[in-house]
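Starting from the known structure of chain W, arrange chain X on it as the hints suggest.
2 protein chains.
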Amino acid sequence: MAKSYQEAIQSIKPLDETAMQAARQRQDELTKPVGALGRMEELSIQIAGITGNPRPKIKEKAIIVMAADHGVVASGVSLYPQEVTAQMMHGFLAGTAGINVLSRHIGARVVAVDMGVIGGFEPHPNLICKMIDFGTKDMTQGPAMTQQQAIDAIESGIDVVEAEISKGLDIVGTGDMGIGNTTASAAICAAITGKPVAQVTGRGTGLGDEQLADKVKMIEKALEVNKPDLKDAIDVLAKVGGFEIGGLVGVILGAAANRIPVIIDGFISGAAALIAATLCPQATAYMIAGHQSVEIGHRAMYDHMKLEPVLNLNMRLGEGTGGALAMSIVEASCKILDEMFTFAEAEVAGADKEVK
Amino acid sequence: MAKSYQEAIQSIKPLDETAMQAARQRQDELTKPVGALGRMEELSIQIAGITGNPRPKIKEKAIIVMAADHGVVASGVSLYPQEVTAQMMHGFLAGTAGINVLSRHIGARVVAVDMGVIGGFEPHPNLICKMIDFGTKDMTQGPAMTQQQAIDAIESGIDVVEAEISKGLDIVGTGDMGIGNTTASAAICAAITGKPVAQVTGRGTGLGDEQLADKVKMIEKALEVNKPDLKDAIDVLAKVGGFEIGGLVGVILGAAANRIPVIIDGFISGAAALIAATLCPQATAYMIAGHQSVEIGHRAMYDHMKLEPVLNLNMRLGEGTGGALAMSIVEASCKILDEMFTFAEAEVAGADKEVK
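One line per chain: the protein sequences are W and X, in this order.
Everything in the first sequence is counted per this note's numbering, starting at 208 for the first residue and increasing by one.
Everything in the second sequence is counted per this note's numbering, starting at 208 for the first residue and increasing by one.
Think of the hints as simulated: they come from the structure by calculation, not from any bench.
A couple of the hints might just be wrong.
Copies of the same chain are indistinguishable here, so a pair counts whether it falls within one copy or spans any two.
Stated by the list, open to error - Using 35 angstroms as the maximum straight-line C-alpha spacing, the simulated DSBU-like pairs for lysine-lysine come out as follows:
hint	residue 1	residue 2
1	K513	K438
2	K264	K542
3	K542	K374
4	K428	K402
5	K374	K264
6	K374	K266
7	K220	K374
8	K266	K220
9	K264	K513
10	K513	K542
11	K210	K542
12	K210	K434
The shape of chain W in the complex, shown without the other chains (with noise of 0.2 angstroms):
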């Protein structure tokens, strides 16, 4: 029984100022010079903001990896065969990807789920089927995926956080494996930034020149075809998007409906991210954007929802796996502030209030 998006986008209400304030006071009132922890500060304010709770715990981690393919493949955008899909999301069950040993290492939970992987999976215990369809169609022939599907999508993903929520979450993640997804990325973030297509598509995962220049040319087709309609996010998705990114929308509406945090991961994430933050713009309050990717449009992504990524090391792997590492520091940031004693508490002398 999962929630229509427009109930989800309804229940989004902004961040609690209470306890942001009671929280920012405490902050303040820790034995360290004012501001000392900069951006760990400000991010224990934020979770105070989403949970409602002055002093916020993170215990229950998970990282909800959705994967899809995409038609556009057929036309050449990517070094990789869209098997391969399929077979990362194998990785994913059998705990040997990436963002399996990332998620180990901070003690969270994977939730692989298949939005539309083509082939499909034999049952699993740890996969979650929400299968739209075998792969969304080549947008540069006409629209990816039908409006409903693209609602359809959302609301699976909204299904599959409150399902996470129902077993205990403190936080989210959101993650992604789809060959050809940073194409669609990119077409969705040159519709609603309206940057040129040249400004935001990048070389995914590892195009030389002539390939990027074609990428390109691609994209520039799919939105010449397809004319999706900035103002409606739905549009967009559907004409240019992805069953795995339709997906994370829900992941982000869902979470930011329940005051559950969520750790926008890279560039496919980010469209996700967009696309959200279109239909409800408070919605980019319950985000927290994980790491600048080395896909050039990243950065437009984030200017364009005001966010800054706590981390650079300069990936680009998709999974969720920046929006790991950056989750172990947001849970580090919450027990600063409720495991660190204040000047009171330690009896420790204060600055001097003249000197100041």
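Structure of chain X alone, referenced to chain W:
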């Protein structure tokens, strides 16, 4: 029986190129596009070269926090009274300070060392006493310490890190506490990098504009009075340094001599790294720059040593806090190298070689 600092320097060898090549090859074969984990890949390869192990594992972790007082505080360079040094040390021992919280988060032990705090401490099971003197002299009036004290401080640091190595140590982070120590660190930075004092002197715990101008004048006076020899790092340390800075020089040299990676924390740790790098340029290969401090001189230090910080979180607390967060990322980088499957291991189809 600590090594002499000359013995430690003689023990510092180049990184193990064979181990690094094997690590590079495995990174290129993991189930991801080549280079897609960016800095994470580089970190794991550096650790392979440091340890000589192509698949290094990081389990035993320590942050060595060294504290001392500074005579220059008499010249009014800090907002906080000098007794805060000792009071914060009590916090480290009680487990209530920022570095304790972050060390628990990453699974590292905190090693608190008294290098010369005014008043001293009662014996405590978690406190290592290597006190050189009850704080340095005021460097605006003459040398902060004698040349022999500088050498004793460094060799005490070597002793401390070698004692930790004997307990089991895979990586070490540097941390500091000492009211007035951004003044000493800025003086060291100006002396060694040759940059103007005003360009490398920051607000420390939060000085206003006038107080900052006074701090710059004090440092200029100290350099004028003492004329440290920029080619002689022991001379620089003695004339404008601090006991905890000298101790951290020893931690860095001792770690490098024993092929243990060392995470450099903030501005004070950076000053120690500058001294260590001047004594032994090869030591920089064993360093990982944990984070970029808000202190403006920190960038000049890293540029001088050609190091790039892992994190930039707008922090300026010291204690080893930025280094602790970076340590967890370094540990994660080694897990990626060791635990993530290669394409052959996962039997996933590789990239289409023809397209490449």
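Problem set entry | Index of numbered hints that the structure contradicts, given in increasing order | Of the numbered hints, all hold.
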